[in-house]
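**Student:** Next come the chains, spelled out residue by residue.
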Amino acid sequence: MLAHQMAMENPSMIRAEAVDAMEFPELSDQFSVQGVPQTVIDSGKGIVVGAAGEAQMLAEIKRALQN
Amino acid sequence: MEQLLNEQVAGQIKQAFAELANPVQLLFFGLKESCDYCGETQQMLTELSALDSRLHLSIHDLKEDAAVATQYRVDKVPAIVLASKNGDQVIDLGVQFSGIPAGYEFSTLINDIILASKQTTGLGAATREFLQTLTKPLHLQVFVTPT
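Chains as they are written, first to last, in this note's numbering: chain A, 1 to 67; chain B, 68 to 214.
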């Protein structure tokens with residue numbers, strides 16, 4: 001999983017969690033998850049809907065960190 | 068209880084684990100009550116860790132081992148934390164699963180274990196450079212369904 005690979009690159013700064021949307025519906029609702037996969041960056045600073053490639057995910061992370 | 072990983076699947080995993088290099092630690096967090104998938108997840112991990120001596124499993128309870136859960140930032144169950152192991156030292160890799168890793172997520176777990184063991188991420192140079200220079204914590208939550 002891309003997010004997990006990213007965490008392994010710098011575990012002291014990055015934490016990546018795969019969340020089963022069905023088992024944790026309250027959390028899914030909190031981030032309006034309607035389809036999977038959906039990546040939530042820093043509790044909603046950024047959201048990536050659908051499977052994203054490395055470049056797209058990186059761009060979204062950079063965008064989210066600027067907010 | 069019936070085996071969750073049948074002989075064929077176990078064989079395939081063993082084959083995939085042939086490329087493991089360094090020891091990997093899996094930390095399981097469950098809860099005795101009100102946890103639908105804790106038993107199944109724990110059993111799956113027990114069967115999985117029995118397939119290769121480089122794979123280590125520790126079992127924790129979210130309530131009884133609250134300090135360990137806090138250390139690894141686990142707040143829901145079942146949860147799995149992936150770490151690397153160097154002697155007695157367990158090194159958090161920031162990789163976590165919340166919920167049972169069934170179906171496609173099981174493949175994700177297997178792949179994560181292999182990457183962690185080989186201590187490589189397979190990411191491109193530009194991505195790695197950016198991530199390694201992060202100075203603020205970054206939290207990624209990937210919502211999935213185990214189908």
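Hint data in this document are derived by calculation from the structure and do not stem from the laboratory.
Yeah, the Cβ is synthetic: ideal placement off N, Cα and C, and Gly gets one too.
Some hints could be false.
As the list claims (entries may be wrong) - To spell it out: a stretch of chain A is covered by chain B in this simulated footprint if at least three of its residues, at any positions, have a beta carbon under 8 Å from a beta carbon of chain B; those stretches are:
1. 21 to 33
2. 59 to 66
To be verified - Cβ-Cβ distance ranges computed for the label pairs, FRET-style:
3. B/204 / A/30: 15 to 23 Å
4. A/32 / B/82: 38 to 46 Å
5. B/85 / A/47: 34 to 42 Å
6. A/55 / B/171: 20 to 28 Å
7. A/43 / B/133: 37 to 45 Å
8. B/88 / A/55: 24 to 32 Å
9. A/66 / B/101: 23 to 31 Å
10. B/133 / A/25: 37 to 45 Å
11. A/52 / B/186: 18 to 26 Å
12. B/103 / A/67: 31 to 39 Å
13. B/78 / A/66: 43 to 51 Å
14. B/142 / A/50: 39 to 47 Å
15. B/123 / A/59: 34 to 42 Å
16. B/78 / A/30: 26 to 34 Å
**Student:** Could you work out which earlier hints the structure fails to respect and list their numbers in ascending sequence?
**Tutor:** 7, 9, 10, 14, 16
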